[in-house]
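Undergrad: Just need the whole structure built from these sequences, with the hints factored in.
What follows is each chain in one-letter form.
Number of protein chains: 2
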Amino acid sequence: MSEYLIAREELDFLLWDWLDLAGDCGDAVDRESADAILDLSARLAADAFLPHYKTADRVEPFQDGTGVHALPEIGAALREYAELGLFAASFPPELGGLGLPSLLANASFAQFLAANVSTAAYVMLTTANARLLATFGSPAQITQFALPQIEGRWFGTMCLSEPQAGSNLGDVATRAVADGADALGDRYRLTGNKMWISGGDHDLSENIVHLVLAKVAEPGRATEEGTKGLSLFVVPKFLPTGARNDVAVAGLNHKMGYRGTTNCLLNFGEGEGALGWIIGTPGQGLPQMFKMMNEARIGVALGAAALGYRGYRHALAYARERRQGRPSGAGAGPSRPILAHPDVRDMLLTAKCYAEGALALVLYCAKLVDRAEQDAEAATLLALLTPIAKTWASEYGLAVNDIAIQVHGGYGYTRDFDVEQLWRDNRLNPIHEGTTGIQALDLAGRKLRDGAGLAILRTRIAETIARAEAGAALTGHAEALDLCWRRIADAVGTLRDAGSQGMASNATALLRAFGHGVVGWQWLDRALLCTDAPEDPFRGGKLWACRYFFEREMPRIDAWLRPIEAGSDIGAAVPAEFL
Amino acid sequence: MSEYLIAREELDFLLWDWLDLAGDCGDAVDRESADAILDLSARLAADAFLPHYKTADRVEPFQDGTGVHALPEIGAALREYAELGLFAASFPPELGGLGLPSLLANASFAQFLAANVSTAAYVMLTTANARLLATFGSPAQITQFALPQIEGRWFGTMCLSEPQAGSNLGDVATRAVADGADALGDRYRLTGNKMWISGGDHDLSENIVHLVLAKVAEPGRATEEGTKGLSLFVVPKFLPTGARNDVAVAGLNHKMGYRGTTNCLLNFGEGEGALGWIIGTPGQGLPQMFKMMNEARIGVALGAAALGYRGYRHALAYARERRQGRPSGAGAGPSRPILAHPDVRDMLLTAKCYAEGALALVLYCAKLVDRAEQDAEAATLLALLTPIAKTWASEYGLAVNDIAIQVHGGYGYTRDFDVEQLWRDNRLNPIHEGTTGIQALDLAGRKLRDGAGLAILRTRIAETIARAEAGAALTGHAEALDLCWRRIADAVGTLRDAGSQGMASNATALLRAFGHGVVGWQWLDRALLCTDAPEDPFRGGKLWACRYFFEREMPRIDAWLRPIEAGSDIGAAVPAEFL
Chain P
1 MSEYLIAREE LDFLLWDWLD LAGDCGDAVD RESADAILDL SARLAADAFL PHYKTADRVE
61 PFQDGTGVHA LPEIGAALRE YAELGLFAAS FPPELGGLGL PSLLANASFA QFLAANVSTA
121 AYVMLTTANA RLLATFGSPA QITQFALPQI EGRWFGTMCL SEPQAGSNLG DVATRAVADG
181 ADALGDRYRL TGNKMWISGG DHDLSENIVH LVLAKVAEPG RATEEGTKGL SLFVVPKFLP
241 TGARNDVAVA GLNHKMGYRG TTNCLLNFGE GEGALGWIIG TPGQGLPQMF KMMNEARIGV
301 ALGAAALGYR GYRHALAYAR ERRQGRPSGA GAGPSRPILA HPDVRDMLLT AKCYAEGALA
361 LVLYCAKLVD RAEQDAEAAT LLALLTPIAK TWASEYGLAV NDIAIQVHGG YGYTRDFDVE
421 QLWRDNRLNP IHEGTTGIQA LDLAGRKLRD GAGLAILRTR IAETIARAEA GAALTGHAEA
481 LDLCWRRIAD AVGTLRDAGS QGMASNATAL LRAFGHGVVG WQWLDRALLC TDAPEDPFRG
541 GKLWACRYFF EREMPRIDAW LRPIEAGSDI GAAVPAEFL
Chain G
1 MSEYLIAREE LDFLLWDWLD LAGDCGDAVD RESADAILDL SARLAADAFL PHYKTADRVE
61 PFQDGTGVHA LPEIGAALRE YAELGLFAAS FPPELGGLGL PSLLANASFA QFLAANVSTA
121 AYVMLTTANA RLLATFGSPA QITQFALPQI EGRWFGTMCL SEPQAGSNLG DVATRAVADG
181 ADALGDRYRL TGNKMWISGG DHDLSENIVH LVLAKVAEPG RATEEGTKGL SLFVVPKFLP
241 TGARNDVAVA GLNHKMGYRG TTNCLLNFGE GEGALGWIIG TPGQGLPQMF KMMNEARIGV
301 ALGAAALGYR GYRHALAYAR ERRQGRPSGA GAGPSRPILA HPDVRDMLLT AKCYAEGALA
361 LVLYCAKLVD RAEQDAEAAT LLALLTPIAK TWASEYGLAV NDIAIQVHGG YGYTRDFDVE
421 QLWRDNRLNP IHEGTTGIQA LDLAGRKLRD GAGLAILRTR IAETIARAEA GAALTGHAEA
481 LDLCWRRIAD AVGTLRDAGS QGMASNATAL LRAFGHGVVG WQWLDRALLC TDAPEDPFRG
541 GKLWACRYFF EREMPRIDAW LRPIEAGSDI GAAVPAEFL
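From first to last, the protein sequence lines are chains P and G.
Here UniProt numbering is used: the first sequence runs in plain steps of one and ends on residue 579.
Here UniProt numbering is used: the second sequence runs in plain steps of one and ends on residue 579.
Honestly, the hints are just simulated from the structure, not real lab data.
Remember, identical chains collapse to one label, so a pair may be satisfied in a single copy or spanning two.
List of simulated lysine to any residue pairs, SDA-like, C-alpha gap at most 20 Å: (1) Lys228 - Gly325; (2) Lys291 - Pro92; (3) Lys228 - Pro334; (4) Lys228 - Ala217; (5) Lys228 - Glu218; (6) Lys291 - Ala372; (7) Lys54 - Asn253; (8) Lys228 - Gln164; (9) Lys54 - Thr414; (10) Lys54 - His254; (11) Lys291 - Gly170.
TA: Structure below.
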């Protein structure tokens with residue numbers, strides 16, 4: 001079954017040849033240790049995560065009088081993961097971590113996401129939670145709440161949304177009232193309802209650490225409007241005393257996919273208020289949460305890419321095995337694998353472009369995470385590419401899973417095969433941690449507001465184009481890429497001048513054009529590493545995929561840009577009654 | 001709940017204003033009777049089909065020692081449908097039918113498909129089966145097997161695929177051995193395994209009539225190769241004597257959606273051979289089956305369009321109700337319905353274009369069915385548009401269901417709402433009755449082989465363009481449409497000259513370009529009926545949708561045509577080892 005996970009050759013190519021992992025590792029990790037991590041990850045993902053993939057879909061979490069119960073295999077897999085120290089992979093040694101570069105840690109984690117996304121999600125939530133605490137929490141808070149998560153004994157959540165406040169956090173109504181102070185800092189009692197809490201309750205870990213967005217309420221004073229008044233609180237399921245905190249599960253959401261991850265409606269403070277400790281100072285909740293959110297968005301993108309990649313592998317394996325028909329002109333004789341049909345190969349090329357392109361894009365961002373601490377350019381570029389990676393991987397990863405069903409024909413529509421579940425699981429990714437529409441507003445309204453990020457990106461693209469033009473094989477693609485980015489940059493300028501309604505009408509179209517432009521650039525950049533080995537199946541495959549992307553995908557950009565160039569604002573202009 | 005079904009105003013506009021149903025009805029049906037049929041359909045769909053939509057998804061059909069059992073509500077709904085004579089809607093009075101034009105019958109049936117596609121599918125299969133028998137069967141066969149289906153007492157199936165023969169029917173291995181003759185014609189004993197048989201067994205009707213594709217086996221002679229040797233046999237579950245025929249359920253397929261429709265692996269002839277009667281003469285199986293298949297493809301398209309249309313209605317209702325955030329610049333104050341956000345309106349415009357465009361396209365084909373008997377041009381055009389309608393409605397209906405989830409955000413991903421099920425249900429439609437790839441080969445390799453169909457289509461498009469140019473409001477769209485069809489026609493010529501590999505590499509791209517070109521033409525054609533009422537919410541809405549389609553969708557055609565124009569054959573050229 002591990003043939004469906006991420007090919008080691010793919011990871012090696014991306015990490016060492018394309019992204020220069022050696023440069024990131026410094027003295028921390030040598031090639032041998034990195035190889036050992038990747039070997040271990042592939043094995044554990046195949047042995048402990050993959051086997052309950054379908055079971056966790058069939059046997060949903062349930063709630064009874066004692067709490068929420070998840071499939072025991074999920075807990076067993078996560079305990080193995082914890083015992084091998086993998087929760088701690090990307091944390092520094094002083095926090096008990098392995099100190100792996102983010103790039104390597106993400107490459108390792110991609111295998112678990114590919115094998116079983118809803119089991120791996122507990123890791124994603126927990127490490128993001130612990131990293132936020134490690135960044136903004138007091139030493140006592142880190143010791144109390146972060147370290148047990150880095151050990152994988154406690155799991156974490158993030159509690160942002162409320163039934164009336166989904167994408168718009170300014171409407172958060174959860175309130176925190178001061179309740180003294182202790183060694184863990186200023187203590188509050190929280191009251192409110194939180195919705196869509198992944199991992200909100202379960203029986204998989206000793207404790208659950210909630211990071212809760214709420215507004216401080218002071219007697220006789222109105223809380224601040226909008227997002228400015230938001231603070232972040234650490235609210236454990238079990239208090240340090242061992243007593244149960246005032247956090248109750250009000251219900252479970254029953255999802256179409258991604259089912260192994262429990263998803264809860266939580267009531268904080270049905271009684272005297274849930275006890276929590278503020279992180280940092282009041283009013284810092286949103287920037288703190290965005291630190292976690294940005295990591296979570298890269299994590300969502302990685303999961304979407306991994307699901308897409310696995311879908312591609314399933315489709316390819318099936319197309320090699322399933323025999324049906326004969327290519328036109330082949331006459332009678334035995335039927336051939338469907339891979340012999342040009343239409344099937346065309347679907348697989350599309351899937352390859354999307355799956356490998358998405359994985360590469362996300363790992364490129366992970367590389368930027370490693371650089372961002374020391375390198376302001378990398379940080380700016382990471383901020384720009386985060387909504388791109390989140391959206392492109394989510395949407396085109398899902399598109400791969402759709403293609404994988406199509407390649408399987410009727411079989412792909414049955415639950416006897418994995419591809420239908422991959423498609424259902426992946427459908428969450430364009431929604432959670434900020435929908436595509438939210439990412440588009442982040443890109444057009446925030447990340448492109450000044451030109452710094454785009455300038456850095458275009459410099460890198462220009463470097464790729466220059467290298468392509470110095471060779472001979474890929475100059476046509478380089479020209480097309482150059483032209484495409486001139487148009488995208490013009491469209492960015494047009495939208496910047498278009499006013500808020502024109503911007504809001506076209507932000508998603510710009511995001512799509514931008515995404516394809518970035519992925520096209522990266523395909524060319526990787527293809528340049530392969531021009532000297534066109535006959536090698538792996539490297540030659542990159543050249544074919546790059547050619548395919550430039551022939552069949554890059555022309556789509558025109559359709560997204562044209563309405564922007566024409567000044568269309570139809571989404572803002574159409575009155576609601578005409579819908 | 002009936003607000004989510006197809007708006008009566010939509011059907012009235014399409015039937016009477018756009019498609020001139022009055023001209024089809026002749027003396028058979030007056031407006032009052034047609035209205036009564038549509039009223040009745042909407043009511044019965046809402047009262048008997050819609051209520052068990054989710055139940056039929058949750059409670060799957062199961063098999064035990066006595067056969068396959070479906071949810072009882074499905075049987076109850078279909079009995080009501082039969083009691084009202086609706087199985088007979090489109091059959092002539094001499095067969096006990098109502099003699100409704102296909103256009104009206106399809107408009108009626110669309111409500112049932114929207115309400116509950118997997119319950120309505122039994123009707124689709126049964127009427128297609130009965131129509132094939134009525135066309136090719138002997139009078140005795142019609143009386144014995146078609147009439148009980150027209151009454152809705154017996155249900156029908158079509159048994160084409162086998163485990164090793166899905167898209168490629170030339171590999172069918174089921175064999176029929178002569179076994180004498182009786183009043184029902186030449187009798188055979190059939191042996192073989194049939195896969196993907198929708199409605200293959202259940203407890204919903206008194207009997208099940210299988211139409212089975214098989215090859216006649218004569219002692220000492222090899223069966224004919226390929227599809228030429230195929231014949232069609234009528235094989236009932238219960239023989240006219242009342243005895244059980246030798247047809248056994250070997251298993252049920254467990255699907256991702258569309259679950260109320262049982263889907264079986266059937267073994268014919270585990271014992272002495274299943275008794276069946278040949279329809280017509282040996283070797284006529286494929287043309288006979290294609291008569292049924294073409295009707296089935298239009299039926300699939302109608303179901304896909306209806307599911308998409310319902311998804312649009314759900315999304316629109318939710319966007320009007322769900323409050324979240326404020327448009328940029330609106331400051332504080334209460335949150336607004338998400339419909340106020342340009343990005344959401346943009347999604348809904350896309351959904352509207354797709355949903356209404358797909359429904360219109362399929363009903364246009366139903367109109368051609370009515371004309372095709374007397375009018376060779378209509379028959380040729382219907383043949384050309386069948387793969388377009390099948391594919392476009394399937395793929396863009398599904399796209400609407402995807403958008404509907406996105407508009408609902410996290411709620412759309414839960415099973416508390418209908419949109420996730422609509423998406424799962426609709427995913428079957430690009431697969432069954434010929435995948436998108438098969439439709440593409442049908443279009444490029446068969447329907448466009450001579451230029452007759454395309455010439456008829458282009459004449460109709462030219463008429464629309466001429467009318468647009470005679471007015472003032474929509475001349476820009478008319479010019480774009482004209483240009484687009486010149487390019488499509490050129491691409492058809494290019495592919496005709498490209499050889500089988502080039503054709504097979506680009507057939508799907510051509511299908512997509514062709515589909516958008518047809519839908520764009522029809523949007524313009526309908527918009528021309530609305531230019532005098534731009535302020536009317538319904539007619540003005542058509543103008544906005546038309547504008548949107550020309551601004552944001554028609555430019556996509558370029559990306560599909562460009563590789564064809566450039567002579568790309570990458571799907572055929574890429575060697576399998578590079579995938």
